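2 protein chains.
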Amino acid sequence: MLTMLKDGGVCSPKGFTACGWTAGIKASGNPDMALLKSEKAARCFAVFTTNKVKAAPVLYDKSVLEHAHFASAVIVNSGNANACTGPKGLEDSARTATLVEDLLGLAPKSVLVCSTGVIGHLMPMDKVEAAIPHLVEGLHADASKDFASAILTTDKVLKSLAIEIETAKGKVTVGGCCKGSGMIHPNMATMLAFITTDLGLPLDFFAEFRADISDSFNAITVDGDTSTNDTCILLANGVSGIQYEDLTLSEKSEFRAALMTVMKELAKDIARDGEGATKFIEIRVEKAESHADALKMARFIGTSNLAKCAMFGEDPNWGRILSSAGSSGVNMIAEQTDLYFGDVQVLSGGRPLECDQKKLEEVVKQREYKVTVVLNIGDAAASAYTCDLSYEYVKINAEYTT
Amino acid sequence: MLTMLKDGGVCSPKGFTACGWTAGIKASGNPDMALLKSEKAARCFAVFTTNKVKAAPVLYDKSVLEHAHFASAVIVNSGNANACTGPKGLEDSARTATLVEDLLGLAPKSVLVCSTGVIGHLMPMDKVEAAIPHLVEGLHADASKDFASAILTTDKVLKSLAIEIETAKGKVTVGGCCKGSGMIHPNMATMLAFITTDLGLPLDFFAEFRADISDSFNAITVDGDTSTNDTCILLANGVSGIQYEDLTLSEKSEFRAALMTVMKELAKDIARDGEGATKFIEIRVEKAESHADALKMARFIGTSNLAKCAMFGEDPNWGRILSSAGSSGVNMIAEQTDLYFGDVQVLSGGRPLECDQKKLEEVVKQREYKVTVVLNIGDAAASAYTCDLSYEYVKINAEYTT
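Residue numbers (my numbering), protein chains in the order written: chain A, 139 to 540; chain B, 139 to 540.
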């Protein structure tokens with residue numbers, strides 16, 4: 139049974155402490171630095187941006203994890219992405235990690251660094267250096283919210299949760315938080331996600347983690363388009379005293395379900411909090427030839443500006459959905475395709491149906507609903523999560539710098 | 139020498155007449171039907187949408203041109219796309235063509251049909267049928283503007299021009315008009331383009347025509363994403379008495395240049411008139427490994443919502459441009475990349491330069507400017523044309539139906 143913990147987050151699993159701090163990197167005066175620490179070196183898996191332009195902290199973390207899949211802490215700043223900052227940027231990431239390692243008495247190369255914010259500005263290292271002692275000193279176990287707050291940029295709400303499962307050997311907890319915003323697919327804004335667990339994980343669990351990312355954070359991503367800084371880090375410290383290998387088959391499934399739920403809910407929260415978003419929409423593609431096809435089409439529809447504007451306008455414009463499906467490059471036969479807004483079917487075999495207009499209007503007026511495209515040419519299905527495109531989105535992004 | 143004709147359009151080449159009419163398909167009461175006729179059967183090349191969901195007129199025209207590369211007339215309506223209308227839709231397209239053929243005394247299968255507008259509604263055939271006699275009767279040689287007006291949907295300005303060249307055998311003219319709008323890449327709204335010339339063209343000129351489309355209309359398109367109705371038709375009636383084969387090599391080049399200019403200017407006009415657009419931007423990618431790479435990256439950047447919002451906000455946000463370049467899938471080395479707004483260089487070898495901020499501000503405040511990404515890894519270049527993303531775009535598309 140998955141139990142959602144109240145006010146859960148990265149500190150919910152045993153052995154994790156954290157802290158948030160206002161270093162003054164953001165002009166807003168909001169918290170902009172955060173530290174997450176495990177009481178012992180944790181198994182660490184990380185997935186990074188595929189962008190050809192990678193920010194300094196991404197390059198730094200990759201070099202750290204090349205040699206060992208362990209980390210003891212992660213230090214994060216918002217307000218400055220440390221991207222396009224050349225050798226000095228890389229030096230700054232390394233120095234930030236070293237300062238934390240020294241103060242915490244950790245081994246070299248055991249601290250990861252993440253940054254998010256504007257591109258092309260050198261890190262204000264004086265502020266970073268001044269903040270680190272406060273972050274180290276302030277580490278505490280009830281800091282999930284502090285950590286989750288300090289990593290935000292244009293996000294309006296913090297995104298944090300934790301789930302507990304019971305095993306024969308005792309409780310295991312999975313926690314997590316993330317920042318997203320931007321149009322919701324990381325092409326357009328940095329996504330940082332941090333997942334923690336007190337279960338011990340074997341090295342080969344990495345494959346499972348990657349697969350779970352595909353149906354969670356990547357379900358709000360398009361075709362590997364990512365920003366310069368996108369990062370998702372999983373820390374598994376084993377402080378529960380329980381190892382993945384010790385679980386029964388059904389307990390393993392339950393842990394996978396807990397991990398997947400944490401990641402999927404965080405991903406959905408990113409879509410819900412898309413810049414200027416007023417709607418949260420699940421695009422579901424069913425009866426496709428393959429899962430990859432279904433996911434590709436769902437993501438493609440989920441990024442159509444025309445479809446997203448129609449959602450904002452509360453217009454059940456199935457023409458834009460169908461046209462977008464048709465140009466996704468995925469195999470489909472228009473004459474066999476059905477389409478639903480919520481549970482109102484609007485299209486059967488590619489033709490519009492006489493449907494209950496009042497009920498249809500009610501669906502698209504909801505804050506959250508589902509659009510389902512049924513291809514009727516296979517048996518695979520997948521979902522993507524998106525938000526609408528509003529005036530507010532344009533405003534935020536037309537006026538955003540530093 | 140290319141001479142731009144005043145008020146030029148599809149009727150500028152010899153032997154073409156046209157007419158526009160208000161059939162009442164659009165609720166606005168603006169002209170919504172148009173007829174273009176050649177005095178003799180013209181060599182006809184057409185390129186259609188690659189969308190898996192094709193509108194009835196596209197299916198009809200493809201079937202006509204499968205057998206012969208000739209056409210004598212094109213009938214167009216705006217306000218209704220005749221898409222997702224099943225067998226009845228196809229029947230309506232065929233009937234429309236037949237009515238025109240009968241009234242004009244043309245051979246069967248010599249008239250093409252184009253539609254643009256809302257998807258999923260059957261054509262109001264009573265209105266179409268009532269309009270056709272007026273269109274036939276009203277055909278005249280000075281109707282470039284009438285034709286170009288009647289094909290528009292959310293476009294704000296009409297897009298029409300003609301260019302004349304002198305050859306040893308006499309004058310040859312290329313004319314054209316189009317409708318676009320939507321976000322500017324035809325994924326998002328129907329693009330219809332009609333090109334006419336009084337030169338006679340051989341069948342194998344089709345390859346040249348397709349190539350020219352790649353650097354004109356497709357430069358404002360992304361990855362083959364197209365709407366259900368996108369169509370570009372070239373009619374070459376040979377009424378000048380001159381055949382392409384008769385031209386000297388340099389005259390052939392000049393004709394190619396005239397054709398390319400007509401198509402490129404029309405494509406740019408579509409970008410300029412993008413829904414809600416306040417800016418027109420050329421995205422130029424230089425020193426890429428291949429022309430295909432350069433075009434792919436330029437198009438990719440040209441559709442980044444974040445980049446487009448920054449353009450609207452008159453923010454020289456090179457970070458978004460570079461990040462978009464990096465996620466285009468095209469080979470690049472961040473540390474070797476230069477970037478310019480207008481002629482102000484802002485990035486050298488992937489690092490921001492101290493540049494003249496005042497001059498930079500002046501560039502991005504212009505109505506039209508160029509962003510150049512220099513990859514320094516090859517010698518190929520290409521441009522894409524885009525517009526900014528404004529409040530108005532969202533407004534138009536949130537409120538658009540019928």
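None of these hints come from the bench; they were simulated from the model.
Be a bit skeptical, because a hint or two may be false.
Copies of the same chain look alike in the list, so a pair counts if it works inside one copy or between any two.
[Claimed, not checked] Below 25 angstroms or equal to it, Euclidean Cα-Cα: the simulated DSS-like pairs (lysine-lysine) are:
| hint | residue 1 | residue 2 |
| --- | --- | --- |
| 1 | Lys-533 | Lys-496 |
| 2 | Lys-425 | Lys-390 |
| 3 | Lys-533 | Lys-178 |
| 4 | Lys-503 | Lys-533 |
Here the structure is a predicted model, which means the values were calculated and not measured.
Requested in this report: Tell me, in ascending order, the numbers of any earlier hints that this structure violates.
Outcome: 2, 3
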